[in-house]
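With chain A fixed as given, assemble chains B and C onto it according to the hints.
Chains as they are written, first to last, in this note's numbering: chain A, 1 to 201; chain B, 1001 to 1604; chain C, 2001 to 2113.
Just so you know, nobody snuck in bad clues.
Straight-line C-alpha distance at most 25 Å; calculated SDA-like pairs for lysine to any residue:
no.: 1; chain 1: A; residue 1: K50; chain 2: C; residue 2: M2094
no.: 2; chain 1: A; residue 1: K50; chain 2: B; residue 2: P1242
no.: 3; chain 1: A; residue 1: K175; chain 2: C; residue 2: G2084
no.: 4; chain 1: A; residue 1: K175; chain 2: B; residue 2: A1599
no.: 5; chain 1: A; residue 1: K175; chain 2: B; residue 2: V1564
no.: 6; chain 1: A; residue 1: K50; chain 2: C; residue 2: I2046
no.: 7; chain 1: A; residue 1: K175; chain 2: C; residue 2: D2078
no.: 8; chain 1: C; residue 1: K2105; chain 2: C; residue 2: P2055
no.: 9; chain 1: A; residue 1: K175; chain 2: B; residue 2: F1600
no.: 10; chain 1: A; residue 1: K175; chain 2: C; residue 2: S2083
no.: 11; chain 1: A; residue 1: K50; chain 2: C; residue 2: L2090
no.: 12; chain 1: A; residue 1: K175; chain 2: B; residue 2: A1592
no.: 13; chain 1: A; residue 1: K95; chain 2: C; residue 2: M2028
Note that these hints are calculated values from the structure, not bench results.
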Amino acid sequence: MNHAAVVPASHGEHPETATGLNTWKLGFWVLLGSETLFFGSLIATYLTYKGESVVGPYPHEILNIPLTSISTFVLLMSSLMMVLALAAVQRGDRKGTLVWLMATALLGSLFLGFQSYEFTHFYHAGLTLETNLFGSTFFVLTGFHGAHVTVGVIWLLVLWAMALRGRLTQADALKVEIAGLYWHFVDIVWIVIFTLIYLIQ
Amino acid sequence: MATAEATVPAAAAEPRGLWSWLTTVDHKRIGILYGVTALAFFIIGGIEALLIRIQLARPENTFLDPDTYNQLFTMHGTTMIFLVAMPLAVAFFNYVVPLQIGARDVAFPRLNALSYWIFLLGGLVLNSSWLFGAAPDGGWFGYAPLSERQYSPGLNMDFWAIGLQILGIASILGGINFITTIINLRAPGMRLMRMPLFTWMTLVTSFLLITAMPVIAVALFFLQFDRNYGTNFFVPSAGGDPILWQHLFWMFGHPEVYILVLPAFGIISDVIPTFSRKPLFGYAIMVYSGILIGFIGWGVWSHHMFATGLGPIADSFFSVATMIIAIPTGVKIFNWLATMWGGSLRFTTAMLYAVGMIAVFTIGGVSGVHHSVAPADLQQTDTYYVVAHFHYVILAIILAFFAGIYYWFPKITGRMMDERLGKWSFAFTFVGGNVLFFPMHFIGLLGMPRRTWTYFSELNLGGLNLLSTIGAFTMAFGVLLVLINMVRSARRGEPAPANPWGAATLEWATSSPPPVYNFARIPTIHSREPLWDEHGGKLQTEDLVQLEPGQRIHLPSPSYWPLVTAIGVAATFVLFMTQTWWAPLLGVAVTAIGVINWAFEPAH
Amino acid sequence: MDSHVRASAGHELQHEAHAHPGPKTYVMVALVLSIITALEVAVFYIPALSPVLVPILLILSAGKFILVVAFYMHLKFDSRLFSGVFVAPLVLAMLVVISLIILFKVLPLYRNV
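Next comes chain A alone, as it looks inside the complex:
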């Protein structure tokens, strides 16, 4: 009797690949490549319009370097937390996974807190999206970055909840690795923004 069958696969099964590399990881790096063009265009626009605002407030009047240095440091440290979380998952350390994932999410949220503070402060100082070119380019660039961080924090919290229920084991390390790639990418975008927008005025 012929029992040959076509059966549904669980999504995420990993048959052998032509390069020996993981398909999800490869696809995600391609996505990150695409995102460099997205942020690159935003940054290019900011730099193109730098110094072209007809009215103030101007960057040197309003950007808070000490505060932003701290938030930059916070985000950098969150990347450390993330990579420690990955290491924990890879060795099957559930407790470590929970601790480091939450630490990453908390630092990421702290960064967002700094951003919110900065945005509201600027708003009260008279800088909005509409005020001038600086307002338009600054808020759109950092706003998109902040939106990316927000998505990352949510992603991390979902992973944390999975880990809490014991559903994030050594075998699921790839999920954390990919979340990590996203998180670090958001961090390196900020590295560029901090230098080009805040420090080089």
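Chains B and C in isolation, oriented as in the chain A frame:
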């Protein structure tokens, strides 16, 4: 899932009904969805063109008023590029590439479905503007400041920006999918330099998609924010520069035209060797020239801006870069001809379209080189000479797609198209297309500007314009014959064998149509022409298609979460039209629901 | 690209194990990142350095960028294919930035030459 029968591998195992189409993640079905949808939009874009040509058939005609004309030519261009040419290419990527590389599906099947539904919704959103009497009217290129709220106060350009944003997401996701598929899912022995040219061009096109689309996404966000949230990106009084729009748009727009043409090159590069019974001449050169075109294509964008006062340094740079890109392009023409030279030629309909494509593309390419000479372009730009140029290369793309249709239709449907009707369709399309577009070279150089709803009778161009219009209707008839041929043949065409053309590449080793799992056993590849080489005898259909007793093949299960996610994505952008900050978040919420459920979806 | 290297996803980690940095390395990297950030801020505040502010900051931030990408994102230890699909678009993005700066900021200076 159903059990596959030993002797009828394909039909019995396939689910049927509307729901099966809404939840499909099968690349073959998604390819068909893309193809049918694109052809439907082709009819719409074609009708828009015919209306334009009726208006232009006589000078000072009043068939259309200026506003309607502006909407028609904007929608014609936007539709043909984003809703026809790109999705037709993707239809072929979807159906053919996994089969050509010996895979069972693409790397991310649900993402693939998502791309289709986002495309469909984007096209519907864009065209829903007609129902509001507010179809986009600022040209397919949406130049600021005309596209800004001050000069386009209605919803027209909002529909445009939103529609394109939605479509752009589909393209980026598709690009990621195909790059990953081609790199990672090739069968054993299918080295990169053994892949069919069509797959190679898909790979290059996909890189162009993922790099170019983000740039227009940014530009469109800027435009939307200017229009709805009062930002100053293109507002001169605030220091903004409308020229920035042009730079960002064309940084996308030029790679975009290579996104359009490279798949066509790929199709021709598969079709011509088949009907010359000779391997493609200079395979490696064809690969490298395609890659080179992709790279250089990123460096020429301001040749669309020679009349904007960039200055001699910029003009020279872009002029030279544009001339350089003609070289790898021209090389391909010679390679196709060299493939045919000394070959055993069969002029099937597919081959006629392919050869016609070469001729038409040469003409379009030559006028492109004319444009590359910046001083000469100052006379040509914004005239019908440009319209002639790009329509010639686009006509070439359409001819290539028709070649692809006639070539792969048997594989997809299991039936042959009618060759006699096919040859008539070629005659009308080819002759009509040339009669339509060739006069435009003269019309343009004699002074008729583009993008205008009428022209003065003093120009004495009524006769040539009328000729052009006659060509348009002739070509439309040819296209109609293609569509009729497809519909009739799908129902009553001759049953097709696995390899009706005696072609060399792997998709012809499986049945027509392939079983849902494509190959029962993934073959090992030894050459570029697997079905022609000495191992080809082993790649007989029954071996590759028949499941062995007890064999189980895992395929991704259907899912409706891509459709839900697509609705969320489309809603997010549409809700920008409320001009509130919070409404798009509702769309984001739906998207999040879709994505999270998708991520946690079990197999059943 | 020969397909003789075959590995399913679950075994990939074992293949990398011999080239995998540990937590100590990660903390070291974090330390270096912090130091570089401090240096960047210092350069910003030291008036004497303002003529060379831009090149120094670009180099320092490039250093941070590379450290995060190479170590935290593991590119140094992973297949060069991953680097390729990321770096190629990244180079393109940098060219976008550079060309817009040239077109809008540099070339207008040569208008009347």
